[in-house]
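Work out the full structure: start from the sequences and follow the hints.
Top line first, the protein sequences correspond to chains A and B.
When you line the first sequence up against my numbering, it's residues 1 to 443, in that order.
When you line the second sequence up against my numbering, it's residues 1001 to 1303, in that order.
There may be inaccurate statements among the hints.
What the hints assert, rightly or not - Some chain A residues judged to face chain B by a derived CB distance under 7 Å, without partners named: (1) L93; (2) M94; (3) S336; (4) S338; (5) Q427; (6) R430; (7) I431; (8) A434.
Claimed, not checked - 27 Å max Cα-Cα, derived BS3-like pairs, lysine-lysine: (9) K199/A with K184/A; (10) K1113/B with K83/A; (11) K1209/B with K83/A; (12) K394/A with K439/A; (13) K1170/B with K1194/B; (14) K101/A with K1209/B; (15) K1209/B with K1280/B; (16) K51/A with K1209/B; (17) K150/A with K47/A; (18) K1243/B with K1194/B; (19) K1209/B with K1224/B; (20) K83/A with K51/A.
Unchecked claim - Far from chain B, some chain A residues (derived; all Cβ distances over 10 Å): (21) R53; (22) E109; (23) L121; (24) Q276.
What the hints contain is simulated information worked out from the structure, not anything from laboratory work.
Since the structure is predicted, the reported quantities are computational estimates derived from the model, not experimental observations.
All C-beta atoms in this analysis are idealised placements derived from N, C-alpha and C, irrespective of residue type, glycine included.
Each chain, written out:
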Amino acid sequence: MRTYTNSFPHGVHPPDCKYTADQAIEDLPLPSEVSILLSQHIGAPAKAIVKRRDEVMRGEPVAEAVGFVSVPMHSPIAGTVTKVDYVLNPQGLMSQAVQIKLDPDADQEEIYGTPRDVASLSQDELISAVQATGTVGLGGAAFPTHVKMKPPADKPVNTIIVNGCECEPYLTTDFRVMVEDAEKIITGIQLVMDAMKAKEAIIAIENNKPEALDIMEKAIPEGAPISVRSLVTKYPQGAEKMLTRAVLHRDVPSGGLPSDIGVGCFNVATLLQLGQLLPQGRGLIERVITVSGGGVERPGNYRIPLGTSIRYIMEQVGIRPEARKIISGGPMMGMSLSSQDIPLTKGMSGLLVLTEEEMRDGCGTVYPCIKCARCVDACPIFLNPSLLGLLARKGRYEEMAEEHHLNDCFECGCCTYVCPSNIPLVQYFRIAKAMNREKEAAK
Amino acid sequence: MSALIIAGAVMLVLGLLLAAMLAAANKKLYVYEDPRIDEVEAQLPAANCGACGFAGCRAFAEAVIRGEATPGQCTASSAEIVESIAEYLGVDAGVGEKHVARLACAGGDDVAKRFAHYEGRYSCRAASLVAGGGKHCTFGCIGYGDCVEVCPFDALHLNEHLIPVVDEDKCTACGNCVTECPKNLFSIQPISNKLWVACATRLRGRDAKQACAVACIGCGLCAKAAPEAVSMDGNLPVVDYDKNEFAVRDAIEVCPSGAICWLEDGERIIGEKAQKALDKWFNPPPKKEKPAPEVAETSEVSG
Chain A
1 MRTYTNSFPH
11 GVHPPDCKYT
21 ADQAIEDLPL
31 PSEVSILLSQ
41 HIGAPAKAIV
51 KRRDEVMRGE
61 PVAEAVGFVS
71 VPMHSPIAGT
81 VTKVDYVLNP
91 QGLMSQAVQI
101 KLDPDADQEE
111 IYGTPRDVAS
121 LSQDELISAV
131 QATGTVGLGG
141 AAFPTHVKMK
151 PPADKPVNTI
161 IVNGCECEPY
171 LTTDFRVMVE
181 DAEKIITGIQ
191 LVMDAMKAKE
201 AIIAIENNKP
211 EALDIMEKAI
221 PEGAPISVRS
231 LVTKYPQGAE
241 KMLTRAVLHR
251 DVPSGGLPSD
261 IGVGCFNVAT
271 LLQLGQLLPQ
281 GRGLIERVIT
291 VSGGGVERPG
301 NYRIPLGTSI
311 RYIMEQVGIR
321 PEARKIISGG
331 PMMGMSLSSQ
341 DIPLTKGMSG
351 LLVLTEEEMR
361 DGCGTVYPCI
371 KCARCVDACP
381 IFLNPSLLGL
391 LARKGRYEEM
401 AEEHHLNDCF
411 ECGCCTYVCP
421 SNIPLVQYFR
431 IAKAMNREKE
441 AAK
Chain B
1001 MSALIIAGAV
1011 MLVLGLLLAA
1021 MLAAANKKLY
1031 VYEDPRIDEV
1041 EAQLPAANCG
1051 ACGFAGCRAF
1061 AEAVIRGEAT
1071 PGQCTASSAE
1081 IVESIAEYLG
1091 VDAGVGEKHV
1101 ARLACAGGDD
1111 VAKRFAHYEG
1121 RYSCRAASLV
1131 AGGGKHCTFG
1141 CIGYGDCVEV
1151 CPFDALHLNE
1161 HLIPVVDEDK
1171 CTACGNCVTE
1181 CPKNLFSIQP
1191 ISNKLWVACA
1201 TRLRGRDAKQ
1211 ACAVACIGCG
1221 LCAKAAPEAV
1231 SMDGNLPVVD
1241 YDKNEFAVRD
1251 AIEVCPSGAI
1261 CWLEDGERII
1271 GEKAQKALDK
1281 WFNPPPKKEK
1291 PAPEVAETSE
1301 VSG
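Right, dumping it as structure tokens:
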């Protein structure tokens, strides 16, 4: 196999910093309180179905989905609902959340849900069962999984790409789940293949994780149409469009989705959850995150109940005095958190506590663009970030979208990473997109 | 020599021919334009602010002459200019009440806490996208002055606590700040609306108080003091300006935090009770045997 072709053009290669790759997944003790944000996913926020003083079991639904592009929420602890009120979310805005206090006398072992035979379910039943688990893309985008599993009828999905790339530096959660729970991932893959009537599945793993490649290869049952593909390590390989290009050498059309060319992309952690939750009829109540960075005493991979406050996680892992910044997600696409009171959401794949040394541009001085075109050479979707940046500075946002394909940008951060002038290009593009969205909404 | 004469003659004939064509075209293709448009446009402020709802001053001048708009709709012009345009065209000036932009937040850096330090592009829009701006009250003004940048009339200035203050004399209600503010805190209001809720928080009670000293805590006392005009929407009072005559000053006197205030000539007046509470907040009385204050951990926010 010519492995060197198994990648995509452009992109960057940041130092991988995967310090926690050898740390087995560890459970944190249950927190005394959780806040379940009602909008942790892309789509309509869920609607709370509990009220103050209600007793909930561990895993019991506390919010229901509103419409198809929405997912329900489940309580990760057994306890009492203290209130349904505004809580700071990772975007730094106040949004509705169900707050639950742990009941020390309640049984925390028993989890709500009835086991069922998933093999007997029809395609539609399977998809609504996936929605009922509340599963969203755990790689970071938090797009409801069941929506992805139901592509338009005229675009059947033949190939499923299982995303085990984990191209973001620092993060090691996908690697750990592949190493520790390969069988359940395979169950998840088979369930999704059944639900989508897909003919084959390809597990894509970057070649800097030989252990995961080996283990996944061995876990595949005899005769199953599932294969493992080793990809050349590069960022942003985990983005669906890049992944499709790297694995199948086919491009997703501009403005389109992988389903347009008959492909569905799922993250390994998402499939693991499906493989675990569907047969037992449970809901998503916890996820694995990497806590890493120079500001952490005990970096590692932790399985943490959703809704746990960042402050509690930091207390458990220990935070060093030199810590300066907490990022949710990876260093390339992650967002800085403004407070430690923010609860853990389904879309957070890691928490990085960075020190002054690790933050490249603490001074933040922005120099003029010198037209070196490094960003042009780095952009994996062949945009011209330099030109877009200049237009953004002039506030010509509509022109950016209409003539220069701004909406194809998925904010991977390669352009900002390579820019020698320190220009915060991705931030400009986020502003531009927000302004365009606002204008669109006003119409 | 004859070549020169021929060339000269040809050019002359050609020139005359083309001139005749142009003269004919000028007559044939002439588009009549009302000379009054230029006259009216010359008097307008040429700010092209769009407050009138037309695409710039010329479009507005055309609309006024067509009778689709009244001169008074140009809020950027002074009363004399409006009067002079109305007189020139012989139409009614149609001057409405003066409108100004008002900010539904009073939480400057002196009263509203910031819990994170934002690094990155210095603009409200950029900061609000990163993590809400870092202010404890995420509904309030971020204070980086995007509105000041877009004000074409120099009517907005940040005060020493990074809160934009509207100069009501200069404000023409063009609405640029309304569209620019990422937190949607500005609105255009008739100047006679004096009772004003200077808060947009959705936090309640203790949470609101912790975030900002002048936050509305949702107690509803103002709605009880002026029940005809003020009603509660969730935790925030809403003034019904259709019943402006019932919007009495009693409402601000009962407010414990000064979130509801009285605007008089651009000055924000809060009730006595609120003033006392605020004074106490700025100069807290010494407490006995207080344990060492916990140092709040702050995290960094950058773009």
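Contradicted hints - numbers only: Every hint satisfied by this model.
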